[in-house]
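Given the coordinates of chain A, assemble chain B onto it according to the supplied hints.
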Amino acid sequence: MHKENKVPALSGVVGFFDDPESLTEAAAKVRDSNYKQFDCFTPYAVHGLEHAQGLPRSKIPYVTGVFAFTGTATAFAWQYAASATWWPHIIGGKPMNSLPAFVPIIFELSVLFGGIATFFGMLAFNRLPNLKKRAFDPSITNNRFAILIDNPNAEIEDEEEHVAFSPEQAEQFLKSVGAKDVRKVYNEGWFS
Amino acid sequence: MGNAQLMDHKIENPGVLKASGALTAIFGALVLLGVVSFFVLFGMNAAHAWSALLRAHFYFLGVSVCALFFVVIQWVTTSMWSAPVRRVAEAFTAYIPFVLVSTILLFFGAHSIFEWTHVEQAKADPIIAGKLGYLNMNFFVIRTLIAVLGWILFARKIVGGSLRSDTGVTYQPIFEGNRKFGVAFLAFFAITFSMSAFDQLMSLDPHFFSTMFGVYTFAGSYQTFFAFFAIVVILMKRMGYLGKVVNENHIHDIAKLMFAFTVFWAYTGFSQYMLIWYANLPEETGYFLLRFNEGWEPWSISLFVGKFFMPFFLLLPRGNKRSEEVVFLTACWIIVMEYLDLNWMIQPQVFAAGPKIHWADLGVWLGYFGVFGLMVSRFLQKNNVIAIKDPYLPDSVFHHHI
Numbered sequence: 001m002h003k004e005n006k007v008p009a010l011s012g013v014v015g016f017f018d019d020p021e022s023l024t025e026a027a028a029k030v031r032d033s034n035y036k037q038f039d040c041f042t043p044y045a046v047h048g049l050e051h052a053q054g055l056p057r058s059k060i061p062y063v064t065g066v067f068a069f070t071g072t073a074t075a076f077a078w079q080y081a082a083s084a085t086w087w088p089h090i091i092g093g094k095p096m097n098s099l100p101a102f103v104p105i106i107f108e109l110s111v112l113f114g115g116i117a118t119f120f121g122m123l124a125f126n127r128l129p130n131l132k133k134r135a136f137d138p139s140i141t142n143n144r145f146a147i148l149i150d151n152p153n154a155e156i157e158d159e160e161e162h163v164a165f166s167p168e169q170a171e172q173f174l175k176s177v178g179a180k181d182v183r184k185v186y187n188e189g190w191f192s
Numbered sequence: 001m002g003n004a005q006l007m008d009h010k011i012e013n014p015g016v017l018k019a020s021g022a023l024t025a026i027f028g029a030l031v032l033l034g035v036v037s038f039f040v041l042f043g044m045n046a047a048h049a050w051s052a053l054l055r056a057h058f059y060f061l062g063v064s065v066c067a068l069f070f071v072v073i074q075w076v077t078t079s080m081w082s083a084p085v086r087r088v089a090e091a092f093t094a095y096i097p098f099v100l101v102s103t104i105l106l107f108f109g110a111h112s113i114f115e116w117t118h119v120e121q122a123k124a125d126p127i128i129a130g131k132l133g134y135l136n137m138n139f140f141v142i143r144t145l146i147a148v149l150g151w152i153l154f155a156r157k158i159v160g161g162s163l164r165s166d167t168g169v170t171y172q173p174i175f176e177g178n179r180k181f182g183v184a185f186l187a188f189f190a191i192t193f194s195m196s197a198f199d200q201l202m203s204l205d206p207h208f209f210s211t212m213f214g215v216y217t218f219a220g221s222y223q224t225f226f227a228f229f230a231i232v233v234i235l236m237k238r239m240g241y242l243g244k245v246v247n248e249n250h251i252h253d254i255a256k257l258m259f260a261f262t263v264f265w266a267y268t269g270f271s272q273y274m275l276i277w278y279a280n281l282p283e284e285t286g287y288f289l290l291r292f293n294e295g296w297e298p299w300s301i302s303l304f305v306g307k308f309f310m311p312f313f314l315l316l317p318r319g320n321k322r323s324e325e326v327v328f329l330t331a332c333w334i335i336v337m338e339y340l341d342l343n344w345m346i347q348p349q350v351f352a353a354g355p356k357i358h359w360a361d362l363g364v365w366l367g368y369f370g371v372f373g374l375m376v377s378r379f380l381q382k383n384n385v386i387a388i389k390d391p392y393l394p395d396s397v398f399h400h401h402i
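Here the protein sequences come in this chain order: A and B.
In case it helps, my numbering puts the first sequence at residues 1 to 192.
In case it helps, my numbering puts the second sequence at residues 1 to 402.
Here chain A stands alone, though its shape is the one from the complex (with noise of 0.2 Å):
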């Protein structure tokens, strides 16, 4: 690899599959195996396919949580302020603090704020947008199922930091967990 010939950083090694119980089983070998860095790409969601991966479990229900009550506290606060000490009016004869009536604005407020935080918290979770990668192959979202075994060293720089990783080994490798079809993933291009 030389940098002066622009050649593209290799980026991994993908192997195709043609089913998802195939992928499903595959994905475990490679969990087991000593490629650590990996993932597995569908066309739809496939049940089971986390646990095949190792995949731990979404953080996202703690944001949710968290800004949920967030969004609790905030509706109140503000109720409060505005009804019992900023404009204090007596309205249909109830009383300044009039928690009954604050309650729909506190469970929209929790709504609001647990489903925003929610989005936004799977965005970052699942580091959206990203510019930079591309679609590696078309038919991951059509009709058939990939694995892809990342280049540990495709974004160091420096060629001394680098570990052993051999693509062909890598090939092979998937191969032998039911790949139908293998080849390399380079950096750039559009289904390179």
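Keep in mind that the hints were calculated from the coordinates and are not lab data.
The beta-carbon is built from N, C-alpha and C at its ideal position, and this holds for glycine as well.
Certain hints may be false.
To be verified - Calculated cross-link-like contacts (lysine to aspartate or glutamate; reagent style EDC-like; alpha-carbon spacing at most 20 Å):
id: 1; chain 1: A; residue 1: Lys94; chain 2: B; residue 2: Asp199
id: 2; chain 1: A; residue 1: Lys175; chain 2: A; residue 2: Glu157
id: 3; chain 1: A; residue 1: Lys94; chain 2: B; residue 2: Glu284
Claimed, not checked - Some chain B residues flagged as far from chain A (calculated, every beta-carbon gap over 12 Å):
id: 4; residue: Ile26
id: 5; residue: Ser271
id: 6; residue: Val305
Stated by the list, open to error - Here are the simulated distance ranges between beta carbons:
id: 7; chain 1: B; residue 1: Leu289; chain 2: A; residue 2: Thr70; range: 50 to 56 Å
id: 8; chain 1: B; residue 1: Lys244; chain 2: A; residue 2: Tyr44; range: 28 to 34 Å
id: 9; chain 1: A; residue 1: Pro129; chain 2: B; residue 2: Glu283; range: 53 to 59 Å
id: 10; chain 1: B; residue 1: Asp395; chain 2: A; residue 2: Glu25; range: 52 to 58 Å
id: 11; chain 1: B; residue 1: Asp395; chain 2: A; residue 2: Leu128; range: 28 to 34 Å
id: 12; chain 1: A; residue 1: Tyr80; chain 2: B; residue 2: Ala190; range: 36 to 42 Å
id: 13; chain 1: B; residue 1: Arg322; chain 2: A; residue 2: Arg134; range: 21 to 27 Å
id: 14; chain 1: A; residue 1: Pro129; chain 2: B; residue 2: Ala190; range: 42 to 48 Å
id: 15; chain 1: A; residue 1: Ile91; chain 2: B; residue 2: Ile104; range: 29 to 35 Å
id: 16; chain 1: A; residue 1: Leu128; chain 2: B; residue 2: Arg156; range: 50 to 56 Å
id: 17; chain 1: A; residue 1: Glu25; chain 2: B; residue 2: Gly150; range: 47 to 53 Å
Positioned in the frame of chain A, the structure of chain B alone reads:
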């Protein structure tokens, strides 16, 4: 698990429930206790006895008819997840014929607890007099019987279809029939269940009206149905009948629904309260004024805390919904809270001063519980405890949650 493996997987049929005579004896003893309790109360105060009967009657009416509602939802939505546990809910509908007996008993007690049955006094009160066209004994008996007979017929048709599928006959016509009748039942249920809540609970205070009342009662009953459902499924899993087909994903699903209807109960209860509080109309506020005075205030608050806050936070974490122990205990708690909720709806209208607590109140409820237990266990002793020929069964056994 590969597709081919899934297809080949044979689900072993656990057969029917093999209960010992002790179970029947216990339920039978509870029925006896219920009868004795009723007469103990009747000796003291007829209105007290009939209000205890109404509470227990409506409690199990709600649980069994909501069980049918749940079963129908599974057919209409062609639900996969519930295939191994649907038969347990179908067993609960075996109680529905007794609702007819209990309703007829209630007709005899109507004069003791329903103010509008006292026609002469009712005519003197202009508000009640205006409602006598609906609130009169003849119409009450006719429409209540139509509702109960309808439930019995729908249960026979829909649960009967499910039982017939066990024999191995062609599944498709059963499925299509149950879907068609199921949709009809959903409409029938919406009207008749609200009507029963209006007639049997809301009319205890004939001045009061709330369009939310039927939904509120349904929410509590459906929440309680899921509590009974979770308990029976967990017990039968522990006894080994459902051990191979029910896993923590099914418990998780039931707990999610129980959680959802805990929230829904609070939502309907608060909607009813908040709008009445805000509008402040005299004929509506009386209902809540009564329940925030005369010793009922702690009861009202403990309902809100006990029937919403506690189950809500107990069932909120994912791990708790997948733990049989937590789901079991929460379900037991909900069963107690529904009793308190129905008592809160009934007793303030019957007794002028504060809650009345007597051991025989619980005794009458236990009597109904005994009947419920007898009829449900008899159903399970006669029929397979899982719908063994359900085409969704293999998929459901291995279904999986993210």
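Hints, verified against the model:
1. Lys94(A) <-> Asp199(B): Roughly 33 Å between the alpha carbons, so the hint for Lys94(A) and Asp199(B) is violated.
2. Lys175(A) <-> Glu157(A): violated, 29 Å
3. Lys94(A) <-> Glu284(B): OK: Lys94(A) and Glu284(B) at ~17 Å, within 20 Å.
4. Ile26: It holds; Ile26(B) is separated from chain A by about 42 Å at its closest Cβ, greater than 12 Å.
5. Ser271: violated, 9 Å
6. Val305: Since the minimum Cβ distance to chain A is about 15 Å, Val305(B) lies beyond 12 Å and the statement holds.
7. Leu289(B) <-> Thr70(A): 50 to 56 Å: Cβ of Leu289(B) to Cβ of Thr70(A): about 36 Å, so the range 50 to 56 Å is violated.
8. Lys244(B) <-> Tyr44(A): 28 to 34 Å: holds, 30 Å
9. Pro129(A) <-> Glu283(B): 53 to 59 Å: holds, 57 Å
10. Asp395(B) <-> Glu25(A): 52 to 58 Å: violated, 19 Å
11. Asp395(B) <-> Leu128(A): 28 to 34 Å: holds, 33 Å
12. Tyr80(A) <-> Ala190(B): 36 to 42 Å: This hint holds: roughly 39 Å between Cβ atoms.
13. Arg322(B) <-> Arg134(A): 21 to 27 Å: Check failed, 39 Å falls outside 21 to 27 Å.
14. Pro129(A) <-> Ala190(B): 42 to 48 Å: holds, 45 Å
15. Ile91(A) <-> Ile104(B): 29 to 35 Å: For Ile91(A) and Ile104(B) the Cβ distance comes to about 50 Å; the hint is violated.
16. Leu128(A) <-> Arg156(B): 50 to 56 Å: holds, 54 Å
17. Glu25(A) <-> Gly150(B): 47 to 53 Å: Roughly 51 Å apart at Cβ, these two residues keep to the hinted range, so it holds.
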